[in-house]
Amino acid sequence: MVPFLGHGIGLRTKHFPDLLEAGRRADWFEVITENFLNIGGRPRAVLEAVRRDRPVVLHGVSLSIGSVDPLNEQYLRDVRALADAVEPAWVSDHLCWGTFGRHNAHDLLPMPFTEESLAHVVSRVTEVQERLGRRMLLENVSSYLTYAASSISEWDFLAEVARRADCLILLDVNNVYVSATNHGFDAGEYLRGIPVDRVAQIHLAGHQDLGTHLLDTHDAPVPDPVWALYRDTVRRFGRVSTLVEWDDHIPPLDEVLAQAERARAFEKAVLEGEAS
Amino acid sequence: MTLAELQGLLHGAITGAAPGREEELREEVVPRAPLDALERVEIYARMYLYRLVDAIAEDVPHTSRLLGHDAFVDAVRDYLHEHPSRSPDIGQVGRHFGAWLRTRDGIRPDLPDLAMLERARSEVRTALDAPVAGAEALQSLPPDALPAARFVFSPSLRVLRLQHDVRPLWDALEAGEDDVPAPLPAPTTLVVWRQEFKVFHTGLSEHEARALMVAREGGTLEDVCGTFAGEPEPAQAAFKAVLSWFADGWVAAVGAQRA
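From first to last, the protein sequence lines are chains C and Z. Using this note's numbering, the letters of the first sequence correspond one by one to residues 39 to 314. Using this note's numbering, the letters of the second sequence correspond one by one to residues 48 to 306.
Only chain C is shown next, with the shape it has when bound in the complex (with noise of 0.2 Å):
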């Protein structure tokens, strides 16, 4: 198993400043894999920076794993170059799609959740896995639509992923809030369905309620909603490492650091049964 790294958030550009020159640090950090390969400057420098005192791990957004493209080469060449650079304590992906006929739509695009579909994902993942050297955690997405010829829920495909390919399970609180919300599954349910020896680490992030679906943003603080689905993730998987996600309309550092430390207190009363 992973080690636990307590309560993460995210690497951004913003925050460089406050990282690389006034030294303040998260508890880890989580890199956008591609916005670190095959680069230089102060994104590097800042990377380099943070890595020498805090654990980081790398995940990625573009692997598509799903795609019927075959694995882009070059791609996981670099991913292989900057882990054995950085070292992270592991690397994840998304259960998902994003390019057709190398074609890419830089889109985490749902999966039908079919016996082709497992098929096809847990012969990439294995491949993956090989060719990056080490076992990879896949990320469940907020989707917006799902396809008639889906015969498996999304978290029993999930579970079977981890298990045939034996890859570990990057369960995100708020996408499982967004895509029990727009499809109107039991979100208690989905992670019922999940096995507690396979999630590795957990995102939380914030959303928008558009009035027809929600919309997985990352522009927010993390809604209540979800902080009470997280209390039960806590509940259900335990100690579990955790990072706060907050991509766009990105607030200074201090109030990101304040949502990771609202995950650290919420797992600490669930877990010492404080819980309301």
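There may be inaccurate statements among the hints.
Computed beta-carbon distance windows for the label pairs [to be verified]:
| # | chain 1 | residue 1 | chain 2 | residue 2 | range |
| --- | --- | --- | --- | --- | --- |
| 1 | C | P233 | Z | V179 | 49 to 57 Å |
| 2 | C | R173 | Z | A192 | 46 to 54 Å |
| 3 | C | D56 | Z | P156 | 38 to 46 Å |
With a Cα cut of at most 20 Å, we get these calculated EDC-like pairs of lysine to aspartate or glutamate [said to hold, decoys possible]:
| # | chain 1 | residue 1 | chain 2 | residue 2 |
| --- | --- | --- | --- | --- |
| 4 | C | K306 | C | D257 |
| 5 | C | K52 | C | D286 |
| 6 | Z | K245 | Z | D218 |
| 7 | C | K52 | C | D285 |
| 8 | C | K52 | Z | E105 |
| 9 | Z | K287 | Z | D270 |
| 10 | Z | K287 | Z | E269 |
| 11 | C | K52 | Z | D101 |
| 12 | Z | K245 | C | E59 |
| 13 | C | K52 | Z | E269 |
| 14 | Z | K245 | C | D56 |
| 15 | Z | K245 | Z | D295 |
| 16 | Z | K245 | Z | E269 |
| 17 | Z | K245 | C | E86 |
| 18 | Z | K245 | Z | E170 |
| 19 | C | K52 | Z | E243 |
| 20 | C | K52 | C | D270 |
| 21 | Z | K287 | Z | E243 |
| 22 | C | K52 | C | D292 |
| 23 | C | K306 | C | D247 |
| 24 | C | K52 | C | E293 |
To be clear, the hints were calculated from the coordinates, so they are not data collected in a lab. All of these numbers come straight from a predicted model, not from anything done at the bench. Ideal Cβ positions, reconstructed from N, Cα and C, are used throughout, including at glycine.
Using the hints provided, position chain Z relative to the given structure of chain C.
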């Protein structure tokens, strides 16, 4: 429908690469009130466009502002049809945008050049790090090896050949001025580079631009000096130019062998 067929259908609808398959989308995507199947697909289509609009605007903020929001979105939409993203790095999607703008009618004629300058500055900001060689690297070579010396330039160096001198325009936009200078048609060579974390750009004379081109293509110091032959004092001009390359940190290494 197979997984491949389903992904082709949805990808084509979202990116606009294969429109007009609404009936198939209605069969494959589940409607759920208050959104029907096509409205659900449209959520992704909007996110696709605006995510890439934002990515390109981040590269070329001044170009985006001068063009205006709606015109910029229209331009990006048309650009993406010709240059869909082929890289896992969303930051690469705008790399042809400036050159592509040259094919667009009805815009300020210097906008493509401004976009190219902005894109170059963005690339330079995060280009790979490299050691910086001082002029002593040249001076340390044996005198008889000097004519054959060759330069290895920093990976963060960019050279732009533009149809307008957009430096005054960039300065005005950077300063937040509302009145910006009119387009200044003039063939201009600009160099963009980085020292530590700070990005700079400057213009080059015709002679120095030619010398730098020769040096970057693997020419020797002798070749470089030869490009100043038309100058009143060619040796001095060559010496001054080459020393400035070192002083500005453009040179990563010097060797007597072909780079």
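Against the structure, the hints:
For P233(C) and V179(Z), the hinted distance range of 49 to 57 Å is satisfied, since their beta carbons lie about 53 Å from each other. A hinted range of 46 to 54 Å for the beta carbons of R173(C) and A192(Z) is consistent with their spacing of about 53 Å. Here the CB-CB span from D56(C) to P156(Z) is close to 42 Å, well matched to the stated 38 to 46 Å. With a C-alpha separation of about 26 Å, the suggested pair K306(C) and D257(C) falls outside the 20 Å cut-off, and the hint is violated.
Only pairs whose Cα atoms come within 20 Å are accepted, and K52(C) paired with D286(C) is accepted, the gap being roughly 10 Å. Only pairs whose Cα atoms come within 20 Å are accepted, and K245(Z) paired with D218(Z) is accepted, the gap being roughly 16 Å. This hinted pair checks out: K52(C) and D285(C) have alpha carbons roughly 10 Å apart, not beyond 20 Å. With a C-alpha separation of about 14 Å, the suggested pair K52(C) and E105(Z) falls inside the 20 Å cut-off, and the hint holds.
Proximity of K287(Z) to D270(Z) is assessed by CA-CA distance (about 15 Å); at most 20 Å being required, the pair is judged to hold. A C-alpha spacing of about 14 Å is found between K287(Z) and E269(Z), which places the hinted pair at or below 20 Å, so the restraint holds. Distance hint between K52(C) and D101(Z) is fulfilled; the C-alpha atoms sit about 16 Å from each other, no more than 20 Å. Simply put, K245(Z) and E59(C) have alpha-carbon atoms about 15 Å apart, close enough for the 20 Å limit, and the pair holds.
The straight-line distance between the Cα atoms of K52(C) and E269(Z) is roughly 47 Å, outside the 20 Å bound, and the hint therefore fails. Simply put, K245(Z) and D56(C) have alpha-carbon atoms about 18 Å apart, close enough for the 20 Å limit, and the pair holds. Proximity of K245(Z) to D295(Z) is assessed by CA-CA distance (about 12 Å); at most 20 Å being required, the pair is judged to hold. For the suggested pair K245(Z) and E269(Z), the alpha carbons sit about 32 Å apart, so the restraint of at most 20 Å is broken.
Distance hint between K245(Z) and E86(C) is fulfilled; the C-alpha atoms sit about 18 Å from each other, no more than 20 Å. Using a Cα cut-off of 20 Å, the hinted pair K245(Z) and E170(Z) holds, with the two alpha carbons roughly 12 Å apart. Distance check on the hinted pair: K52(C) and E243(Z) sit about 18 Å apart at the alpha-carbon level, within 20 Å; holds. As the CA atoms of K52(C) and D270(C) are separated by approximately 32 Å, the hinted pair breaks the 20 Å bound.
Straight-line distance between C-alpha atoms of K287(Z) and E243(Z) comes to about 23 Å, which puts the hinted pair past the 20 Å bound. Straight-line distance between C-alpha atoms of K52(C) and D292(C) comes to about 12 Å, which keeps the hinted pair within the 20 Å bound. Proximity of K306(C) to D247(C) is assessed by CA-CA distance (about 29 Å); at most 20 Å being required, the pair is judged violated. Among the hinted pairs, K52(C) with E293(C) is consistent with the structure: their alpha-carbon atoms are about 13 Å apart, no more than 20 Å.
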